[in-house]
Amino acid sequence: MKTFIILAACVVAALAAVPSEQEIQAHWEEFKTTHAKTYASPVEEAYRAKVFKENSLRIAKHNERFDSGEVTFKVGYNQYADMHTHEVTEKMNGYRRGLKKPSNTVFKAPLNWPWSKKVDWRSKGFVTPVKDQGECGSCWAFSTTGALEGQHFKKTGKLVSLSEQNLVDCSTANHGCDGGLMDLAFEYVRVNGGLDTEESYPYTATNGTCLFRPEDKVDLHTSGYVDVHSTEKDLEAAVSMIGPISVGIDASNWSFQLYKSGIYYEPFCSSEAIDHGVLAVGYGTEFPNKQYWIVKNSWGPKWGEDGYIRMARNKKNHCGIATKASYPTILGL
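In terms of mature numbering (1 follows the signal peptide of the UniProt record, and there is no 0), the sequence shown is residues -16 to -1, 1 to 317.
A hint or two may mislead.
[Stated by the list, open to error] Derived DSSO-like pairs: lysine-lysine, alpha-carbon spacing no greater than 27 Å straight-line: (1) 58 with 21; (2) 274 with 108; (3) 58 with 85; (4) 92 with 217; (5) 101 with 274; (6) 34 with 21; (7) 299 with 45; (8) 101 with 58; (9) 102 with 217; (10) 102 with 75.
Just so you know, the hints here were simulated from the structure itself, not pulled from any lab data. Everything numeric in this text was worked out from a predicted model, so none of it was measured.
Let the sequences and hints guide you as you build the complete structure.
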């Protein structure tokens, strides 16, 4: 009898985790309104509704595991809920591992560096508002400007939003919306003598002709860049001592696509298969001892925690966050 009751309870719990057709339809209508979704044809909309349903079931099952304490983060309906994961990665994850880059110096944590229990450069004025790369594989450009904006603020006390489109159109060693590397972009900025402002060279999420205007540029006085030694200890020191750091991560899993909140730990994440450029702006610890990185994404403020994700820290270089980290060097700093 007890066994029957336990089995019945399990069945009820499992069914409770599965949203009904009516609930999914309600979420679908709300999703289209919230994200101003329109489709080219009824056939396209029907296909997107089918994908949305598949993601709805994933969301419900995963969040049930969160509620039971099995996982440390939640997923939810964001602007990518009508897309397959491979579509998101193909369109937006533009970190190009195959590109060559010039040799450079390496940062390692000093023996007695001034360790801080937590760091958040947002509260110090180093970080511009979250931006949106759109359906363009320009993540590398947003990671680049984020690191440059932080170092420029560190030197001048002025937070200036820099132009990603300037990099997309003009950094010819990279491939615009088809991907690139932050280090190659740092090198472009050094040779170019600076970068135009976001206001003077606005973002279009497309590849275009280079329209750089020297009269609109911010003189960043970069002398190059430094790669961070590929350990979390070294990255922790760099974030603490230098400021926001450009990092590459594996963002190829569906759980990253639909991340909503919490500390992201994905068992299928790779520490080597880096495909997405982002910005590490700090780190911290959630009680009792859940360590995390604070990472700025470029998928708009409706994704994740107001555009940010907290990623598991000191978990064997989870998702490769320390594998390809770097920052620009500014003369006088």
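Verification of the hints:
1. 58 with 21: holds (23 Å)
2. 274 with 108: holds (23 Å)
3. 58 with 85: Distance ~37 Å between residue 58 and residue 85 Cα, so the pair is violated.
4. 92 with 217: Holds, at roughly 9 Å.
5. 101 with 274: Holds: residue 101 and residue 274 sit about 13 Å apart, inside 27 Å.
6. 34 with 21: holds (15 Å)
7. 299 with 45: Judged against 27 Å, a Cα distance of about 24 Å means the pair holds.
8. 101 with 58: holds (25 Å)
9. 102 with 217: holds (14 Å)
10. 102 with 75: violated (34 Å)
When each numbered hint is compared with the structure, violations occur for hints 3 and 10.
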